[in-house]
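Undergrad: Could you slot chain B onto chain V? The hints should help.
Listed below are the residues making up each chain.
There are 2 protein chains.
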Amino acid sequence: MTDTCPVAFFVSDGTGITAETLGSTLLTQFPHQHFERHTVPFLTTADQAHQVAGRIDEVAATGRATVVFSTVVDPGLRGILEASTGFFVDLFGSHIHQLEAALHATANPQPGRAHGLGDALRYQMRMTAVEYAMEHDDGQSVRALERAQLILIAPSRCGKTPTSMYLALQHGIRTANFPLVDEDFEHRSLPGPIAPYLDKCFGLTSQPLRLSQVRQERRPGTVYASLSQCTWELRNAEEMYALNTIPHLNSAFMSVEEISATILQQMQL
Amino acid sequence: MTDTCPVAFFVSDGTGITAETLGSTLLTQFPHQHFERHTVPFLTTADQAHQVAGRIDEVAATGRATVVFSTVVDPGLRGILEASTGFFVDLFGSHIHQLEAALHATANPQPGRAHGLGDALRYQMRMTAVEYAMEHDDGQSVRALERAQLILIAPSRCGKTPTSMYLALQHGIRTANFPLVDEDFEHRSLPGPIAPYLDKCFGLTSQPLRLSQVRQERRPGTVYASLSQCTWELRNAEEMYALNTIPHLNSAFMSVEEISATILQQMQL
Chain V
126 MTDTCPVAFF VSDGTGITAE TLGSTLLTQF PHQHFERHTV PFLTTADQAH QVAGRIDEVA
186 ATGRATVVFS TVVDPGLRGI LEASTGFFVD LFGSHIHQLE AALHATANPQ PGRAHGLGDA
246 LRYQMRMTAV EYAMEHDDGQ SVRALERAQL ILIAPSRCGK TPTSMYLALQ HGIRTANFPL
306 VDEDFEHRSL PGPIAPYLDK CFGLTSQPLR LSQVRQERRP GTVYASLSQC TWELRNAEEM
366 YALNTIPHLN SAFMSVEEIS ATILQQMQL
Chain B
126 MTDTCPVAFF VSDGTGITAE TLGSTLLTQF PHQHFERHTV PFLTTADQAH QVAGRIDEVA
186 ATGRATVVFS TVVDPGLRGI LEASTGFFVD LFGSHIHQLE AALHATANPQ PGRAHGLGDA
246 LRYQMRMTAV EYAMEHDDGQ SVRALERAQL ILIAPSRCGK TPTSMYLALQ HGIRTANFPL
306 VDEDFEHRSL PGPIAPYLDK CFGLTSQPLR LSQVRQERRP GTVYASLSQC TWELRNAEEM
366 YALNTIPHLN SAFMSVEEIS ATILQQMQL
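Those sequence lines, one after another, are chains V and B.
Following my numbering from start to finish, the first sequence increments by one per residue and tops out at 394.
Following my numbering from start to finish, the second sequence increments by one per residue and tops out at 394.
Calculated from the structure, these hints are not laboratory results.
Heads up, the beta-carbon is just placed ideally off N, CA and C, and yes, glycines get one too.
With the C-beta cut set under 7 angstroms, the calculated list includes, among others, these residues of chain V facing chain B: (1) 143; (2) 155; (3) 255; (4) 290.
Here chain V stands alone, though its shape is the one from the complex (with noise of 0.2 angstroms):
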């Protein structure tokens, strides 16, 4: 990041995760410039929206490229940023009247709906995941597993927690999650708890010089963290996947967000 690098301010009416998540998107199609961010969240009325706009004009001024990726959905406010000297990449104006005719319908335009309570079911539901997925990490409890929709099993640091945060989080899936251990590679069987819900278990695996790294991080010079020790759990963890055909996949080069669009679609959630 320098003092001349390109400047890109995200504002919104809401949260701002919106503009965030396309503008970041469109972002890495440039994967050779650096940008300062600035994220501008809960604009509603026209004097921030005047200050903003102020803001955006200074950072201009200094002859740095200036983009303004908005999903403010005012058009009076959208009016005082668009005649900023910024850049202004309109994500709501420029898809609105499309879908206006696609779905012969008239926009009811409200800001700030995207990411707030909504659908007080849906929110409930994800809050209530939350709940349910910190109860049930890495197999502390084994009370309503039967209420899980989704339980991920694998050895200690394939990603098993994150991933059922997200999962729970962001999907509103109740996830539990469960660690193989050597006894059941020994035993050459799924812990005992889990067995009874055998379609709902999905299993991660990693790459062993990967989970070794991993595992050092957190424990140097321990067996726990040895690259044989680590080879030979993956390699009994996807004999046990295979055996009891259970869906997997290898998460050693894959985001949460990656690992967790798979399981969705694996799993038909």
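TA: Relative to the frame of chain V, chain B by itself:
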């Protein structure tokens, strides 16, 4: 949801998150319509594109309004989808040329870059933050509190846990959360372990009736869930925030996304 309601497809060469986020935001502007939703992630081959175009055609042939939100990067695949009879909203192509002009740079189109591992350092920060937030949920651990970037405090059930998880997972903020209990209020002082970190503290409050309802769901008929107890705790929490000049917000009617965006802004994280 009926057999005649409009249908939205979210099609992506990556996780589908960007297409869903902006697509859903646009659909919120048509609050009187219900949409049947289909997400198609990881579309990367012409065969897959033809197959999805076929599904879109089938739906559109029934006379239902059919909208396709696409963030597919590859122009060839986009062309296949656009040739279907669905109404094609090109969230990617509509803006990338504008950006090339603004940045005086040529985009380097790469699919699925937005929610992959991407910036490895930033991704690692997020995963570390999730681990930190899990360990420091509900005052479970006071180890390494000096490493926290944020300490959320509140009476039970004001939203500490999901907010911590969201900030950790989405923003990589190492967040601890600590309950405020009767004892703290009687002593009129912050819990001992967090007192040295006053500048990292952010308080949540709620609305007494709302808090009582939330607690009743968990523990019906208890003193803990009674309106009088909730009123007392919230009044004391607010006094404590004021006395210690701790920034705070009322979470009663806000989503976890809104709470998080407000905290990020106020704490300048």
